[in-house]
Structure formats: C-alpha cells, structure tokens
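Make a model of the complete structure from these sequences and hints.
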Amino acid sequence: MPDFSDILRGLSPEQEAVCKALENVLLTACPGSGKTRTLTRCLAYQAAQEPVSKKWNIALTFTNRAAEEITSRLDDMGIDLSNIWAGTIHQFCMQFIIRPYAMYSGRLCEGYSIIDEYTQGEYGKSIAKDLGIKLGIFDDPFQTPAVVTAYETLLAANKEIDFEMILRFSEELSTRCPFVCANIASVISSILIDEFQDTNELQYSILANIFKANKSIKLMFAGDVNQAIYGSLGGVAKCKAELDTLYETTFKELRLTGCYRSTQRVVNLYKNFEVSQTGVCSVADIKDATGTINYCRSVSKENLTAEIAAIICSELVSGTKAEEICVLAPQWQILFSLSRNLRSKLPDVLFDAPDISPIKYDPLNPLFLLARLLFMPSGENVSIRKRIATEFMSIVRDGLKIMLPDKIQNFDILSAVNHCRTLDADGIVCLKAVIERVFALLRIDINKGKALPSLTERFFEKIDSRVKQYSLSTDYDSISRYFRDKQGVVISTIHGVKGEEYTTVIAVGLLNGYLPNWDFIMKPEKKPLRKTETLKLLYVLCSRAKKNLYLFSETGRETNKGTDYTPTDELSLIAHNLSLSGQLNLKT
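Under the numbering used here, the residues of the sequence shown are numbered 2 to 589, in order.
These are calculated hints, taken from the structure and not from any lab test.
Source: prediction; values computed, not measured.
Where a beta carbon is used, it is the ideal one built from N, C-alpha and C, also for glycine.
Warning: the hint list may mix true and false statements.
Computed spacing ranges between beta-carbons, pair by pair [claimed, not checked]:
#: 1; residue 1: Glu-70; residue 2: Leu-574; range: 34 to 42 angstroms
#: 2; residue 1: Val-276; residue 2: Asn-411; range: 18 to 26 angstroms
#: 3; residue 1: Ser-206; residue 2: Lys-126; range: 28 to 36 angstroms
#: 4; residue 1: Met-404; residue 2: Pro-348; range: 48 to 56 angstroms
Calculated cross-link-like contacts (lysine to aspartate or glutamate; reagent style EDC-like; alpha-carbon spacing at most 20 angstroms) [stated by the list, open to error]:
#: 5; residue 1: Lys-361; residue 2: Glu-202
#: 6; residue 1: Lys-387; residue 2: Asp-486
#: 7; residue 1: Lys-126; residue 2: Asp-465
#: 8; residue 1: Lys-451; residue 2: Asp-399
#: 9; residue 1: Lys-239; residue 2: Glu-202
#: 10; residue 1: Lys-126; residue 2: Glu-462
#: 11; residue 1: Lys-216; residue 2: Glu-172
#: 12; residue 1: Lys-288; residue 2: Glu-308
Shown next, in the form of structure tokens:
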C-alpha cells in the first residue's frame, strides 16, 4: 500500500485539500478539473488511514464504466482493494441491502429475480392487450393505471422485480427496519457519491438512512450542477442547505476550478451555457492554443456526411488520433444513419460507433455475467473477471436463493467458462454450453423450479429477438467484438459521452425538437424548464472538447408534418453574439 505522500503526489492544492478534508464535503468540480483523479485518490487516502480496518470505503458512480475506471486506477496505484467498493447505486442496494436483508421483506423473502427492460416492455404490451387497451407505436402502456396495477400483481406472482423496484424496496427496508441501517452503517467508513446532480430522491433517502445510523461515516457528494442532464429520470441537484437538513449534519463546500482539459477559448465558449457560475479557467498545457470553433447552419442533411468526413480526414492528417475525435448528436436516431454513411465514406477509418449487440448489457442478470466472461478477452483484466464471477455467484445464492457448494471459488467459474470458448464457431452455442457447464459445476438443475428456467428462457428469447430485428451475426468472433475495448472515432449521444474528453468534437442535429426535445417545446409543464435543460446539454457538449469544436444545425430535416427543423434557439443567440466578437466562426 503506497504511503500518504505517494497517494497525494501530483495533486493540485485544490485536489489535495479535498482528499485531506475532515468534514463531510459537497464538491463542485468543473469539466476537466480532475474529479475522477481526485475521487480515486480520496478513496486511496481514506483506505490508507485505516490499513487494517475491514470497514468499506464506498464509491457510488452513475455508470458501471465509471466504477470500473476508478477500480482500474486504484489497481494501477497498487492500492489494496479489500476494503474498497465501487459501483452504481443499484448495485450497492443489491449487495448491501436487498441480498442480505430480503428475508425482512414480505415481497422478497421467498426469492426474486430481476427483469430487464425487454421483459418489462413485453409484460406491459401483453397486459394492455388483455385489458383491451389499444396502443399506438409510441404509446407507453405504463401510463395507464390499470396496466401498472396488473403489472405489479404479475411481478409479485412471478417473484420478480424490475430495475427501479430495487430502489423502492431498499428505501422501504432502510426506513422500516432501523437495524438494517445500523448493521450496514457499522461496516462503512466512507461514501463518495459521484455525479450527485443525477441522484434521485429515493437514493438520497437510502443514503441518509444509512448515514444517520452512524454519523462517523465520511460523506462526499461530488459533481457539477451545470451537468445535471438526467432530470427527466428524476435526478435532483441538492444544494448544501438541503443536504445539511436531510443528513442532519454540516457539509463543507469545496471547488475544483482549474480545467486541465480545454483551451481557454473553449472554456470561454461553454461558460456562456452555465446555469450556475463555477469560476472555471483553463490551466491546461494547451490553454493558449487557438484551435477551431465553428458553428455551421448552412450545410444540408444530404451533404453532412461529406462535411464531417472532410473534418475527420483533416484531423487525422494533422496528427490527431482517431480515438481523440468524437461525433455527437442529441439523439440516437440521427446517429445510426450517419454512422453507416461515415463508414461507407471512410472505409479505412476505424469507428467506435453505435452497434447493437445480440446480448443486451444487463449486469444484474447472472446469465449476462456469464456471457461477459465468455466473450471478453480471457488473458486481460483478471481482477475484473474475478469480480464478475464473484458477483455471478452472489446473485445466484442471494437473489435466486439457490445454495452453492462451499468449495466453489470464482476461479472455478472462470475455468469452466474458458473450457467452452472454442467449442463452436457460433457464439450462442458456446454461451449455452457455458451456462450448462457452470450450473453443472454448481450442482444446479437449470430446468428445475420456476425462476431459473424462466430467466433462461427470457434471456435467449431476447437474444433471438434482437438477432432477427437487427439482422445480427451470432458467430463467436462477431459477438466478442461487442465485449472488447473499442477503438476509432467515437460516435455517440451527448448523454453518452458525459465524463469523456476529446481533442476534436463534432456535433450535429443541434435543432429545436432534438435539442431541446419536443417535450420542452410543446408540453406546458415542461416549457418553463426549456432554457435551463438546453443550456446544460450545450454545456456538457462543448466542455468535452480539448481544442476543436465543430457545431452543425443542418438544414433539410423535416418533422412528420413536413415542417423544417430550425437551429436551437439558445445556441443561435449566443453564437451570434460570439461571432461578432470573433470568438466563434459562424457560417449561415
């Protein structure tokens, strides 16, 4: 374990102050300020203070990718991970609340399995049909109260829960059973909450219940109100006063204001989109570089591919790596056709593009975890593979309530998976062999009972549905590509690259109806939120760029009624003012 000086080496005074803070902290971190680096060092610093303690230092992240990044960095630092846990709030609730304390819930005590969005959607459509409710293509059956009631009855009968029920039952257990919180709180030393602005009320409540059972736990909420782009999913950016009241403690406000990512010119641009001032300034090595900031409103949808291809080629010729170039849009529907067109236009350029895998990402499904172990590279990320195998066994034992042999370890699971890698050229055949072999190893009959056969049947039904719907290949090598680290020019949505950074960012579809989406334009209850939500998305978009930014509000896109889409109002207004001062090149 590195000593304190090693852990803090290379940090800025702001970053070091965060690590050394004795108080509970509310940290505002501007884009590119080294937040992930700081949180990683905080975890290491906290663990180093109690080297023999078995209490957990917890990092709660918004995505699995962010959690894996923190764990990977700690691994690289040589930090002992035995008392560090990183994952999403849903994973935290499963591991620390639901699995060990499901026996105290009348709904969960006899076992449960977690359904995914596919099964949830199929249930909704089936129930609506049974109730005689006719649905349009885009209608949500769960907007009908009768469907919701029948759906919850069905899940209870099947001993199933959906993704959001994880939070609901966790909050119920943590509120109704004080000893649950007392037990959990007694084994936790610190909790760091990343991207706190995306935390919802249930999540705040669960964490508050745990903290108030042991106020010696050190808390840190880290994030940026300007990047709160998940309000539609219930995300709430609580202020210091609200956190003080809810957690019955006092938080110290700290800031990371130095941007190590972008030029000052890029920083000056995205500061125009702040909804809360941060005082951000560039301290990057390239802070004085001019770069390129263009906003084009004249290129047509038909010529957009050629325009973007030319920019990509120019960047590659100038020495920019493909992985340092990103093409963004507010919504996926624009990107699917653009991705195909760019690949056709630039056949020699690699693209990390929106591909649809036959196996949908679902880390709470034990069968998906086996698929991940099968198709990810076997000789790499051994520590991650061991954690996945351990998580698989936990879900089977604590979720499905199936007893496992005492002597089975995570490396036994890995060995069983590796044995099936070359059985067949078809990946799905190999996957079925893995499932059979692993469950045989665990002495479990996958055809016995109700939960496991149902889970297996739905898992492969979903794979078959995706293969047929999107005409996907199921050969082993093709599926494996979805589970490898991708390379090339990144193509994604604005939401999808939050937390990422690129030398050159190219954004398309900056049009009213896409950004913001129609809800904030048409719905009376959302109209007042339009400006704030739009500014936050533009802030996230522009702050991904280190040096170059190409923005497009292309012409030629029409609504279903034949009306032309128009450039995003909030961007057009600011761009006009910036072009007059020479801070942005405007092409109209």
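Hint check against the structure, violated hint numbers in rising order
Going through the list in order, the structure violates hints 2, 5, 12 and respects the others.
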